[in-house]
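Fit chain B to the known structure of chain A by using the hints.
From first to last, the protein sequence lines are chains A and B. Just so you know, we're using my numbering here: the first sequence kicks off at 1 and counts up by one. Just so you know, we're using my numbering here: the second sequence kicks off at 1 and counts up by one.
Derived from the structure by calculation, the hints contain no laboratory data. All figures in this text were calculated on a predicted structure; none of them were measured in a lab.
Cβ-to-Cβ under 10 Å is the rule here; a few derived chain A residues that face chain B:
| id | residue |
| --- | --- |
| 1 | Tyr95 |
| 2 | Glu117 |
| 3 | Ile141 |
For glycine and all other residues, C-beta sits at the position ideal for the given N, C-alpha and C.
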Amino acid sequence: MLDKIINESKAYYCVECRKCSSACPVTRVYGKFSPASIVERALIGIDDEILKSLDIWKCLSCGICEEVCPSGVEFLNFIRKTRNLARKENNVGIYAHEGIFESLQKLMLSNEFNASEWLQGLDVGEDDTLYFAGCLPFYDIIFKDIGIKSTNIGISTIKILNSAGIKPAVMQLCCGHDALWNGNVKLFKELAKKNVKEIKEMKIKRIIFSCPECYRTFKFDYPKLDVEMMHISEFLEKEEIEWNGKEDEKTYTYHDSCRLGRHLGIYDEPRNVLKKVGIEVKEMEHNREMALCCGTSAWMCCDWKAEEMRKERLKEASDIADVLITSCPKCQIHFRCTLSHEGHDIEVKDFAEVVAERIK
Amino acid sequence: MSFEPKIVAFLCNWCAYAGADLAGTSRLQYPANIVPIRVMCSGRVDPEFILEAFRKGADGVFIGGCHPGDCHYVSGNYKARKRVEMMKKLLKEMGINPRRLRLEWVSATEGQKFADVVSQFVEEIKELGPSPWREKK
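One chain only, chain A, in its complex shape:
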């Protein structure tokens, strides 16, 4: 069963060096999990065991294993397709937040939502540029308890675009990223179809993302769209922006989210933009390609292991800085969650929020 997946992901190149396991953030806190052993078991041919195990759901798909692999095994590809297969065998991982996000995705598929309260008073809706906001407004409600205001990211992004003279159209739909990484390819394809159809009808030329997950999904997993796509940091780097001179005593550090960093290779753009608005980024011990993870992806398997990873990351950040800048709304949610019950002396802010505050 796994033969096809092994071929497609070049898993047969594995030389069993176990570099991936030594770099894997899950293995750091939970020694029983090892990407190498999953690949080895697949190569030996005990498919059943893999398809029935919970191990395949513990992977964060953060991509650090691919960075260190000397043989070019596409582990992310491997795990994603294996999950799809495991789902057919009724092996579904443990959803965090009681699976509310999958229900939301299914609902988004069949219904029109009108979550426009947060857009009031903003300049939107005239240009050939689209701002794809994703699921931001729903996070606000679900994570109210830990003080999440994800729509602030959206508002900041729109303000940045406004100051560059763009009045973007706004779209709020799930891109299907979570469904895809949870092996629910059917749901992903339907969501993708809906999004592509809507975007084609809109006749736009450029899509701007603030969420790295949406960007990644549009860039690599969607059928080809004839539009320019960019992350807000890429947009800002090309644009001439002026710093409004606001300064503070705080020190800043930047957390590379796995999707924006390792998946898309965007490391320098956010740092350059932050430099332009007068922020000197102090680098944490693990940065860029080797950045540690926020502990959960696609709302799957959030448990003590994820918590340990977050604590480690937050400690690393709070040792050198006062503000941790993230670029992914989910990283922000996860860190804030840990901060709500762990005392680390650090503030978590989104990239777009920080830039919007300091732009002319």
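Chain B alone, transformed into the frame defined by chain A:
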């Protein structure tokens, strides 16, 4: 034909379900529009249950739990209360009238109250009309 709503009712085993039983054994009349589902505690009602009920075409969702302080599991109903508060906002955002979701405290002795709140809720849903998600499923 007049509109007959479909309402899914999640009733807690210790209070609301017993209350519904009492309403039945006391021969109190209430509309037959509700489909009761027994759960061990109102705190067991995941947000997903509510969303799934609406997705599959329910016009309203009713959650019955023990009075505050009476929960068999100490704090389940407080969790339900918080969750319903969150769900109402979420439903509003998604274009569903938050009045379609209702949480009521019904104890095991309150057969009359159960009949009353259910009739009242059914009336309210009839007034609101069919759920916008009903045909689409």
